[in-house]
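S.K.: So you can see what is in the structure, the chains are spelled out below.
2 protein chains.
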Amino acid sequence: LKSGKIEFSPCHEHMCTGPMAGVISPSMLVYVVENQTHGIKCFSNLNEGRGKVLRMGAYSPEVLEKLRWMESTLGPTIKAALEAMGGVDVRAILAKALHMGDDGHNRLDAASVLWTTQLAPYIAKTAKDSATAFETIKFLGDNALSILNPVMAGCKSMTAAAHNIEGSTIVTIMARNGTDFGVKVSGLGDQWFTAQSPIVKALYFPGFTEADACRDIGDSVITETAGIGGFAMATAPALVTFIGGVPKDAINTTLDMYEITHTEHKYFTIPFLDFRGTPTGIDIRKVVEKQIAPRANTGVAHKDPGVGQVGAGVVTLPMSPFEDALVAYADKYGF
Amino acid sequence: LKSGKIEFSPCHEHMCTGPMAGVISPSMLVYVVENQTHGIKCFSNLNEGRGKVLRMGAYSPEVLEKLRWMESTLGPTIKAALEAMGGVDVRAILAKALHMGDDGHNRLDAASVLWTTQLAPYIAKTAKDSATAFETIKFLGDNALSILNPVMAGCKSMTAAAHNIEGSTIVTIMARNGTDFGVKVSGLGDQWFTAQSPIVKALYFPGFTEADACRDIGDSVITETAGIGGFAMATAPALVTFIGGVPKDAINTTLDMYEITHTEHKYFTIPFLDFRGTPTGIDIRKVVEKQIAPRANTGVAHKDPGVGQVGAGVVTLPMSPFEDALVAYADKYGF
Chain X
462 LKSGKIEFSP
472 CHEHMCTGPM
482 AGVISPSMLV
492 YVVENQTHGI
502 KCFSNLNEGR
512 GKVLRMGAYS
522 PEVLEKLRWM
532 ESTLGPTIKA
542 ALEAMGGVDV
552 RAILAKALHM
562 GDDGHNRLDA
572 ASVLWTTQLA
582 PYIAKTAKDS
592 ATAFETIKFL
602 GDNALSILNP
612 VMAGCKSMTA
622 AAHNIEGSTI
632 VTIMARNGTD
642 FGVKVSGLGD
652 QWFTAQSPIV
662 KALYFPGFTE
672 ADACRDIGDS
682 VITETAGIGG
692 FAMATAPALV
702 TFIGGVPKDA
712 INTTLDMYEI
722 THTEHKYFTI
732 PFLDFRGTPT
742 GIDIRKVVEK
752 QIAPRANTGV
762 AHKDPGVGQV
772 GAGVVTLPMS
782 PFEDALVAYA
792 DKYGF
Chain E
462 LKSGKIEFSP
472 CHEHMCTGPM
482 AGVISPSMLV
492 YVVENQTHGI
502 KCFSNLNEGR
512 GKVLRMGAYS
522 PEVLEKLRWM
532 ESTLGPTIKA
542 ALEAMGGVDV
552 RAILAKALHM
562 GDDGHNRLDA
572 ASVLWTTQLA
582 PYIAKTAKDS
592 ATAFETIKFL
602 GDNALSILNP
612 VMAGCKSMTA
622 AAHNIEGSTI
632 VTIMARNGTD
642 FGVKVSGLGD
652 QWFTAQSPIV
662 KALYFPGFTE
672 ADACRDIGDS
682 VITETAGIGG
692 FAMATAPALV
702 TFIGGVPKDA
712 INTTLDMYEI
722 THTEHKYFTI
732 PFLDFRGTPT
742 GIDIRKVVEK
752 QIAPRANTGV
762 AHKDPGVGQV
772 GAGVVTLPMS
782 PFEDALVAYA
792 DKYGF
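Chains as they are written, first to last, in our numbering: chain X, 462 to 796; chain E, 462 to 796.
Bound conformation, chain X alone (with noise of 0.2 Å):
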């Protein structure tokens, strides 16, 4: 990395999220997640697991390994699996696991086995042979994480159509990279604007304190620019046994997002708040005008490389970023 040959820069600006350090090399093999109605495709690459998993500076013979096994095993299968059944809506499944108590962030266990569930019967088909189609099938079970990747990659396919509208002071882009926390709103283009990247009130797994952890990291806050995640909290409940707090915390998150956003969403609604579509679309102006800053649920990393996830919790994103755009806006549109 010091020789300067390899060439680094934002997953966003390839049409890409990665979850967590979000390294994604030109020889990995990606999901394809296409917005149908805009003609728009993003990527994402495949989700490793808890445990040792790639970052900068973290590249153990295990994580390696098993680098190698997703590429020469587990990301041919799913291909294989996936183009014998013409791909997977993810928005569908997205919408029937917040009835199923997912915030589509860092609550995906319902999410994640409806995509197994849809996978199986065609990996079990397809694949080389039985014993391939068991550890493939089995590692996406056992993961509850397994479509976080698909996922995010299908909030980004959604959140870049409103990308890029004249006027508009909708947020498009978020994303934290563990030092800078950084937003891109529709109508101004591709100007980032970023402040430090907030420590995160997280649940640390047994083992690890606040001392352990790295800022905020990963593309996953895409989740939150499209109306879910934190945003959608009050349809999860039960996320509080994994990030602290009661569940009233959960819907008292919701409710203060549709302070700070737009619209309510179509397709992805909360039964108990009898069945009203998630806050989305963040609003530079309202955030600035209440001073309410978006919250996001997260998984939070290890400060040192190699050793993984070491909590989850909520995060009170920095304000300044959406105060500079404002300032910016202003300046461009003469308000």
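If you are wondering where the hints come from, they were derived from the structure by calculation, not from laboratory data. There could be a bad hint or two in this list.
With a straight-line cut-off of 30 Å between C-alpha atoms, the simulated DSBU-like cross-links for lysine-lysine are [claimed, not checked]:
1) E:557 x X:709
2) E:709 x X:709
3) X:599 x E:599
4) E:557 x X:557
5) X:527 x E:599
6) E:557 x X:599
7) E:540 x X:599
8) X:662 x E:557
9) E:557 x X:513
10) X:540 x E:599
11) X:557 x E:599
On the provided structure of chain X, position chain E as indicated by the hints.
M.R.: Below, chain E alone, put in the same frame as chain X:
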């Protein structure tokens, strides 16, 4: 049947449970569900899915063909997978599913995909060929009630542990057969207390109305007897899209059932009620004193054989069997 050569008796008298008409013949493969704490084994047939299914008088070629496929292919394939994996923990699946919007009776969307996801890798590994693995996994995954039958047998194995306890006023069996509703009470041995089976307040599938409805039918009310189903409705707000009403009705039903039950469940909890245990153990004294009859979530069968399920709803069970049981209790124990 008219010849009298075929002998009938209730599933419950053979430690069995069957949904709707609940026809189980000696040649059928059954699930074996064991309460390991108490060494009680219960049994259920395999779920046939929606549409045309076996009932008294309903044995069209389509029904028989499916049953033959279930006996020759589905059953043996599931059996091999269950043996390879050493069984499935039905109670653990239920506990998780109650945090995923299932009530455990009428809505088993989550439990059925968890069940399918656990079985699928072992089906892929042990099925006689990949086509058999494909059709078996697909049948389980497409049927939102695929786990209903083992859940019912599991519930029976729980309530059976409470049966025949001297002096106990707890209900250990409730069942309906389309004509009668019957109750057994722990301290009153093998006596049935019965009344006419009620009509269900239901939301009907397109094309059907209450005029098509059979009176309340099936052993599945063993779920309410064990503290889930209608008793756990507060955890399943999305169920109202299937049975009618609004999410508040679901919460109110659960709250009412606390009035007539002995305890709160240790393993089955309701996130939205701050993880309170489900109301468990119907006490005939409380039912009669408060004049609150148990309520059940249930499917509705067509009154004519051969049509299958036509709707789903909530039924308030008749009061008189609980009153009759309390009189019998007073007679027996001299209170």
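S.K.: Is the Cα-Cα distance between residue 709 (chain E) and residue 709 (chain X) 30 Å or less?
M.R.: holds (16 Å)
S.K.: For a C-alpha distance cap of 30 Å, please report whether residue 540 (chain E) and residue 599 (chain X) respect it.
M.R.: holds (18 Å)
S.K.: Checking one constraint from the list: CA of residue 557 (chain X) to CA of residue 599 (chain E), max 30 Å. Satisfied?
M.R.: Given that 30 Å is the threshold and the Cα spacing comes to 18 Å, the pair holds.
S.K.: Checking one constraint from the list: CA of residue 527 (chain X) to CA of residue 599 (chain E), max 30 Å. Satisfied?
M.R.: Measuring from Cα to Cα gives roughly 29 Å; hence the hint holds.
S.K.: Starting from residue 599 (chain X), check that the Cα of residue 599 (chain E) is at most 30 Å away, please.
M.R.: holds (16 Å)
S.K.: Given the hint that residue 540 (chain X) pairs with residue 599 (chain E), does the C-alpha gap stay at or below 30 Å?
M.R.: holds (18 Å)
S.K.: Residue 557 (chain E) and residue 599 (chain X): Cα distance at most 30 Å?
M.R.: The given pair, whose Cα atoms are some 18 Å apart, holds under the 30 Å limit.
S.K.: For the pair supplied as a hint, residue 662 (chain X) and residue 557 (chain E), is the alpha-carbon distance within the 30 Å limit?
M.R.: It holds: about 25 Å lies between the C-alpha atoms, which stays within 30 Å.
S.K.: For the pair supplied as a hint, residue 557 (chain E) and residue 709 (chain X), confirm whether the alpha-carbon distance does not exceed 30 Å.
M.R.: Judged against 30 Å, a Cα distance of about 20 Å means the pair holds.
S.K.: Hey, residue 557 (chain E) versus residue 513 (chain X), does the alpha-carbon distance stay inside 30 Å?
M.R.: holds (26 Å)
S.K.: Holds or violated: are the alpha carbons of residue 557 (chain E) and residue 557 (chain X) at most 30 Å from each other?
M.R.: holds (17 Å)
Figure legend: structure checked against the earlier numbered hints; every hint is met.
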